[in-house]
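Given the sequences, and given the hints that come with them, work out the whole structure.
Protein chains: 4
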Amino acid sequence: MNHDYCVKDIALNAQGQQKIDWAAKWMKVLNRLAERYEKDGSFKGKRVTLCIHLEAKTAYLASVIKRLGAEVWITSSNSMSTKDDVCAALAAQGIHVHAIHGANRKTFNEFLVSVVACKPHVVVDDGGDICELLHQNPGYAENLMGICEETTTGVQRLKEKVKKGILKYPAFAINDAQSKYLYDNRYGTGQSTWTAITHLTNMTIAGRVVVIVGYGWVGRGVAVRAAGLGAEVIITEINPWKAMEARMDGFQVMPIEDAAPRGDFFVTATGEDDVIRLEHVENMKDGAFLSNAGHFGYEIAVPDLYSKAISVNTVRENIEEIIFANGKKVYLLSKGDIINIAGGLGHPVEILDISFSLQLASIHHVLNSRYTEGKLYNVPAEIDEMVIREKMLVENIRIDEDRKGVLKR
Amino acid sequence: MNHDYCVKDIALNAQGQQKIDWAAKWMKVLNRLAERYEKDGSFKGKRVTLCIHLEAKTAYLASVIKRLGAEVWITSSNSMSTKDDVCAALAAQGIHVHAIHGANRKTFNEFLVSVVACKPHVVVDDGGDICELLHQNPGYAENLMGICEETTTGVQRLKEKVKKGILKYPAFAINDAQSKYLYDNRYGTGQSTWTAITHLTNMTIAGRVVVIVGYGWVGRGVAVRAAGLGAEVIITEINPWKAMEARMDGFQVMPIEDAAPRGDFFVTATGEDDVIRLEHVENMKDGAFLSNAGHFGYEIAVPDLYSKAISVNTVRENIEEIIFANGKKVYLLSKGDIINIAGGLGHPVEILDISFSLQLASIHHVLNSRYTEGKLYNVPAEIDEMVIREKMLVENIRIDEDRKGVLKR
Amino acid sequence: MNHDYCVKDIALNAQGQQKIDWAAKWMKVLNRLAERYEKDGSFKGKRVTLCIHLEAKTAYLASVIKRLGAEVWITSSNSMSTKDDVCAALAAQGIHVHAIHGANRKTFNEFLVSVVACKPHVVVDDGGDICELLHQNPGYAENLMGICEETTTGVQRLKEKVKKGILKYPAFAINDAQSKYLYDNRYGTGQSTWTAITHLTNMTIAGRVVVIVGYGWVGRGVAVRAAGLGAEVIITEINPWKAMEARMDGFQVMPIEDAAPRGDFFVTATGEDDVIRLEHVENMKDGAFLSNAGHFGYEIAVPDLYSKAISVNTVRENIEEIIFANGKKVYLLSKGDIINIAGGLGHPVEILDISFSLQLASIHHVLNSRYTEGKLYNVPAEIDEMVIREKMLVENIRIDEDRKGVLKR
Amino acid sequence: MNHDYCVKDIALNAQGQQKIDWAAKWMKVLNRLAERYEKDGSFKGKRVTLCIHLEAKTAYLASVIKRLGAEVWITSSNSMSTKDDVCAALAAQGIHVHAIHGANRKTFNEFLVSVVACKPHVVVDDGGDICELLHQNPGYAENLMGICEETTTGVQRLKEKVKKGILKYPAFAINDAQSKYLYDNRYGTGQSTWTAITHLTNMTIAGRVVVIVGYGWVGRGVAVRAAGLGAEVIITEINPWKAMEARMDGFQVMPIEDAAPRGDFFVTATGEDDVIRLEHVENMKDGAFLSNAGHFGYEIAVPDLYSKAISVNTVRENIEEIIFANGKKVYLLSKGDIINIAGGLGHPVEILDISFSLQLASIHHVLNSRYTEGKLYNVPAEIDEMVIREKMLVENIRIDEDRKGVLKR
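Chains as they are written, first to last, in this note's numbering: chain B, 1 to 409; chain X, 1 to 409; chain Z, 1 to 409; chain A, 1 to 409.
Some hints could be false.
As the list makes no split between identical chains, a pair holds if one copy fits it or if it spans any two.
Pairs of lysine-lysine, DSS-like flavour, derived with a Cα cap of 27 Å [said to hold, decoys possible]:
no.	residue 1	residue 2
1	Lys404	Lys335
2	Lys375	Lys408
3	Lys285	Lys328
4	Lys375	Lys119
5	Lys161	Lys408
6	Lys119	Lys168
7	Lys164	Lys408
8	Lys242	Lys408
9	Lys328	Lys25
10	Lys285	Lys159
I should point out that these hints are in silico values taken from the structure, not numbers from a laboratory.
Printed below as a string of structure tokens:
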């Protein structure tokens with residue numbers, strides 16, 4: 001097959017490659033696995049399709065898969081997060097990349113088709129769009145050995161298919177591996193959310209009131225870092241056990257109605273829609289900052305805010321000033337999209353090293369197995385453990401031996 | 001039936017009652033439930049047997065059950081934790097208490113029989129000794145409607161009975177309720193371990209190296225409070241995910257061999273035996289402190305230490321100085337028994353308010369149900385939630401309503 | 001001179017000696033200095049008088065001075081903090097101790113005279129009472145080479161004498177040494193205040209509101225440990241810079257009027273009188289805890305509370321329940337006296353090791369100098385530095401060399 | 001006088017103005033003072049010269065001074081920190097700005113002359129360059145009423161002039177005001193250093209070893225935020241008291257020689273030169289990150305590193321990879337210049353609001369006084385207090401009244 005690609009500007013490739021090279025230096029577990037898999041030739045002659053946020057770290061995963069001998073097709077799971085320079089670099093490497101920042105829905109869909117037309121052996125999916133497409137056009141799935149799904153949402157969609165009895169292909173819930181959900185959400189999102197907010201706003205967090213909506217893994221990560229920056233932290237929850245846990249962790253807990261007039265910074269982390277609504281915003285302090293750390297951009301009722309505002313102006317990159325009829329204003333960061341990606345650099349490199357090592361090891365596993373049933377599988381426990389132990393190795397962390405078989409009980 | 005009891009000295013009752021009265025003031029959820037159950041008369045004429053650590057807070061649970069109209073028999077699940085003044089106070093209240101501090105094994109066993117001879121309707125067990133006895137002497141179980149088990153260990157023993165198919169009576173895993181395990185272990189043990197250690201030793205924790213063996217719920221609680229006191233904290237683990245989590249939480253992680261020569265204070269929290277052994281102790285700093293926060297007193301290999309020592313002296317209440325042939329010495333707190341109970345006041349009052357409210361509500365549930373099968377049941381979800389919501393009520397903590405049924409999904 | 005002493009019960013000496021022996025093990029800097037001074041004989045034949053809180057650690061300082069060859073007279077600076085068993089042990093060692101727990105004002109004053117009648121060469125004073133007596137009866141000061149004052153208050157009184165031009169003797173502000181005020185107040189009081197409160201009350205601190213009145217060194221120490229225990233912390237201040245600092249450290253800041261109805265635990269740390277008054281207490285939550293971490297017992301307006309109360313009952317050791325006409329109650333710890341000493345074990349051992357090493361080195365300095373003027377001196381910088389460097393040595397802490405003389409600039 | 005200016009590209013003014021407008025929104029104290037001073041006309045017809053880092057926040061100070069009626073001349077105190085778009089905006093406002101990013105030394109010096117040729121009434125200096133120039137060319141100082149110096153360094157240079165008896169003009173040590181040094185260094189640098197490092201590198205801080213060289217105000221601020229991000233923190237010091245304080249705050253303390261092989265991230269904060277030297281770097285982990293948070297760019301011995309390296313490559317914006325003959329590499333951020341400014345956005349807006357309010361109030365004070373002597377003055381206490389109280393006002397923080405005059409004692 002020819003090397004086809006569709007990117008904004010191939011000339012951006014040097015700039016993009018520099019970013020990928022940076023990631024390459026720090027994805028040490030991935031590099032170790034690649035070295036190992038290079039020897040066994042499992043990837044040789046296979047076709048792998050990825051649909052994922054297209055930035056430097058994901059690009060490096062694609063590079064590695066190609067280096068191992070596979071042909072690689074890749075598109076973006078979100079047009080807004082696509083980096084054109086990184087896409088150019090992938091194209092220059094000979095990867096079939098079809099992605100352009102800000103592409104509209106129609107083009108986005110065409111790109112999806114472009115990357116599955118090769119009838120891939122393995123698919124890495126992020127949100128479930130490719131999976132959906134393969135169910136609609138089973139012809140593309142002729143060679144399919146398995147789908148590796150990265151996200152909570154994608155896994156949720158797979159479970160619904162399982163429940164309805166319509167899942168046709170073997171699928172793997174990468175997201176549910178212990179090595180994944182313990183790191184990304186708390187440590188990755190926790191840190192990168194605050195780097196994004198402080199870099200976008202140039203504001204002080206110490207001595208300010210931060211309201212975090214939701215005390216799940218993401219909320220906890222964002223809360224502990226907010227406290228680490230010297231903020232007074234308020235948590236809102238609907239789950240009484242999580243609420244009490246937040247309280248015992250030293251945070252204030254109250255309903256969003258009560259928190260609204262107290263916060264200087266609001267961060268949503270619930271996975272639910274419309275958790276900050278117009279009725280709350282109207283009661284906020286003049287000049288409050290609204291942002292979202294959850295996967296989807298619908299946790300803040302942004303359309304409502306826009307429609308009631310008398311003015312919406314971009315006053316700084318990624319900051320919109322929304323003014324209401326009563327003269328009050330709030331600042332919306334990155335339009336309510338996931339702040340650490342839309343307004344920053346995404347997860348830190350070493351955090352994604354673990355996630356993508358799980359991906360690579362899972363692809364390798366699929367290529368060496370003979371899954372055929374339309375079932376949802378967990379990442380095998382030995383792969384999960386191998387990855388975390390490799391991570392400890394590159395970090396030079398040693399622990400005690402399990403001499404009594406406690407872990408197996 | 002006559003009021004029989006066996007306590008050390010009934011004259012201690014005023015002193016014991018003062019302690020119970022203090023607990024009574026702060027067990028607000030328990031008091032609210034008691035008020036509610038008083039009206040429905042469920043406890044009237046029933047016989048309830050408890051086998052539990054016998055101190056002020058547990059005594060208050062017994063008092064409440066009696067106040068609700070039941071006849072109450074109680075003994076201690078651990079002779080060393082028995083408080084004679086508290087027993088005297090219970091006896092003076094008309095409760096059938098059979099317990100003496102430091103009673104030997106034979107007497108301990110006689111006490112067990114004394115409290116089941118009444119053929120109770122409900123049993124509150126802590127570790128499973130009563131349950132065992134009822135299986136050996138089914139006659140005592142003639143009226144038995146259910147066993148409520150408080151601890152991890154007791155639940156473990158019940159599960160073994162289930163596996164072997166020999167569990168004869170309905171049993172309830174109080175320990176596994178969300179309202180229980182989230183609080184006791186982290187917040188209760190975390191705080192009370194350090195109060196005990198600092199009160200027993202009068203030592204500074206700030207600027208010292210604290211080694212915590214195990215990063216489960218107890219270990220986390222002990223670690224976060226150690227950091228809060230200004231310590232440098234080292235975690236040892238056998239589980240790689242927990243180890244990496246400890247590392248990402250900012251703690252150092254290393255094998256116990258490496259940690260041994262660095263620690264000033266050692267706290268075990270694994271639930272396993274012999275996790276600190278002679279080989280480690282021999283490499284410790286002169287003057288290191290050894291203590292255990294786990295349920296059982298066997299995490300430190302104390303018998304080995306004693307047998308190799310050239311001298312063992314009590315140099316302060318609950319502190320033994322153990323000197324080895326090479327002149328090195330370590331300080332063992334409370335002989336390696338669970339430090340917060342054996343060397344302190346046990347869990348804080350309000351923490352046990354939640355646990356015992358779960359107990360009372362579960363007894364109430366058993367009395368109003370018709371369980372007969374030999375199965376292990378969870379505390380019904382609605383009881384678990386009722387207790388945590390009552391706790392929020394007495395703490396005046398309000399949260400958002402679950403308008404979309406998210407908790408039920 | 002005969003060995004005269006006046007203690008409660010000399011038979012308590014073994015128990016007291018055990019406590020002193022414990023302190024002796026951990027006051028490692030003091031032991032090193034003692035070893036050094038033993039060789040030069042400076043203390044031989046000298047008379048040293050101490051007036052200080054009389055508990056195990058201070059007792060050990062007295063023991064050391066005697067071991068160095070001086071005759072030692074000692075009384076307590078506060079009858080309520082006097083430990084009779086420790087006094088007995090000192091008496092049994094041949095030290096002239098005149099102190100009884102709870103002695104009334106008249107006896108207290110007679111004790112003061114008893115310990116200066118020997119016409120001491122050096123005086124260690126704690127609060128300035130001996131200094132005052134020597135100014136009234138200069139005959140006792142015939143041989144006086146210097147007064148070493150331990151506390152802020154005593155230093156304050158000395159400064160007033162200097163201002164009025166009436167200071168007759170050389171005096172040394174031990175309290176103002178860098179090695180002293182940086183440790184005692186923040187790290188010593190910070191930790192021991194919370195050990196005392198949690199041990200006295202058996203209450204949970206996590207998830208409770210702690211109000212700290214004053215953000216000086218003591219207040220900071222108490223605040224950071226409260227946060228470390230999982231509390232929500234509120235600071236009240238009169239100084240705007242300290243208030244803003246507290247805010248930037250992540251604490252809430254508000255006037256005491258606003259804080260009163262929110263707090264579960266109140267801790268005063270201002271050095272000023274009546275900072276918590278009846279008007280505040282009347283607005284507190286039912287069941288709030290009042291305590292004081294400042295040197296003097298007058299920060300809470302206790303007499304006012306007593307006089308307005310309809311009942312005051314000791315409901316637990318060191319806890320008084322004060323009920324007001326409207327039915328509301330608060331719990332007063334240790335009658336508002338300094339909580340870590342009156343309700344606990346005082347400063348941790350190693351903290352006092354630094355303070356008392358400064359004392360010993362200062363006495364040694366006075367004995368080897370010829371101060372005669374009635375002036376207030378600082379501890380010489382080289383003594384201050386010697387002590388902190390010895391402390392680093394026993395803690396095995398090494399630092400960089402000051403190769404460019406930066407410290408001298 | 002005509003409106004003369006010298007900027008890179010006047011067309012950048014809209015972009016620069018947007019940044020200034022953002023600062024204007026959040027410099028609330030400055031705005032309040034401006035409103036007040038507008039009424040009294042003190043600035044009307046006066047000439048004010050500023051030499052300061054030229055970015056959005058400083059630009060806003062200049063704008064305000066102009067709005068108050070003064071003519072304003074401004075240049076940059078550091079060519080590397082100059083933002084050309086902000087300069088353009090100032091020029092467009094009619095301010096006499098002479099500054100270009102990256103200007104060489106000669107041009108830099110010409111700019112200095114350009115801004116004093118107007119013979120200003122007041123000078124705002126940052127580092128002391130203008131002050132020096134005025135001493136060399138007293139003709140420019142004909143109308144001079146006072147110099148307001150912003151930095152530690154500038155104040156240090158003024159003190160040297162005082163010591164030598166050669167200070168000719170009244171000067172004000174803005175830096176030494178309580179409202180200034182307590183905020184900038186700890187809270188401003190603390191936060192912005194980590195935003196810069198995480199934004200430049202995309203690395204995780206949790207679970208990494210951060211070595212901070214120096215535990216002064218800046219070092220503390222950087223350390224507490226590193227801990228808040230989940231790092232293991234090591235402090236190096238030459239001052240024994242600061243070292244022990246760091247230890248008691250829970251950090252590890254060791255010489256730089258020992259810390260070198262352990263650190264993942266190094267941050268210098270000493271104000272001294274060459275505190276990280278080649279001998280340390282050679283012992284570092286492969287891939288360690290070097291950065292400086294101190295005012296000057298000489299804390300890391302960068303020229304030595306460059307001269308011994310076999311290769312120095314920019315691998316990412318503001319990141320140089322330095323490779324040594326043994327194959328080891330380190331990453332140098334922003335060439336060792338002050339990381340939060342050279343590699344980030346500088347202090348957060350609200351932090352500088354306090355500093356620049358002190359500046360404005362001091363200028364106002366100078367304009368309304370008749371200082372003539374060549375002395376170094378402190379900011380009057382009432383101005384210092386006014387600013388901090390205004391800050392509390394805009395933050396809506398209320399505190400207790402000082403009813404007993406404690407603050408005046």
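Q.
If the cut is 27 Å between Cα atoms, do Lys285 and Lys328 qualify within a copy, between copies, both or neither?
A. For Lys285 and Lys328, only the intra-copy Cα distance (8 Å) is at most 27 Å; the inter-copy one is 35 Å.
Q.
For Lys375 and Lys408, with the copy left unspecified, which applies at a CA distance of at most 27 Å: within, between, both, or neither?
A. Both ways: Lys375 and Lys408 sit 25 Å apart in one copy and 25 Å across, limit 27 Å.
Q) Should Lys242 paired with Lys408 be assigned to within, between, both, or neither, using CA atoms and 27 Å as the limit? A) between (29 Å within a copy, 15 Å between copies)
**Q.** Within, between, both or neither, where Lys285 and Lys159 count as close if Cα-Cα is 27 Å or less
**A.** Neither. Shortest intra-copy (41 Å) and inter-copy (45 Å) distances fail the 27 Å Cα cut-off.
Q) Given identical chains, is Lys404 near Lys335, meaning Cα to Cα at most 27 Å, within a copy, between copies, both, or neither? A) between (53 Å within a copy, 24 Å between copies)
Q.
When Cα atoms must be at most 27 Å apart, do Lys375 and Lys119 count as within-copy, between-copy, both, or neither?
A. For Lys375 and Lys119, the Cα distance is within 27 Å only inside one copy (20 Å; across copies 52 Å).
Q | Alpha-carbon proximity between Lys328 and Lys25, which holds within one copy, between copies, both or neither at 27 Å | A | between (47 Å within a copy, 13 Å between copies)
Q: Check Lys161 against Lys408 for me: Cα-Cα at most 27 Å, and say if that holds within a copy, between copies, both or neither.
A: between (32 Å within a copy, 20 Å between copies)
Q: Could you place Lys164 and Lys408 in one of the four classes (within, between, both, neither) given a Cα distance threshold of 27 Å?
A: Between copies only: 19 Å across chains, 34 Å inside a chain, cut-off 27 Å.
Q: Evaluate Lys119 and Lys168 at a C-alpha cut-off of 27 Å and name the case that applies: within, between, both or neither.
A: Only inside one copy: Lys119 and Lys168 sit 15 Å apart there, 58 Å across copies, limit 27 Å.
Checked against the numbered hints given earlier, the structure breaks only hint 10 and satisfies all the rest.
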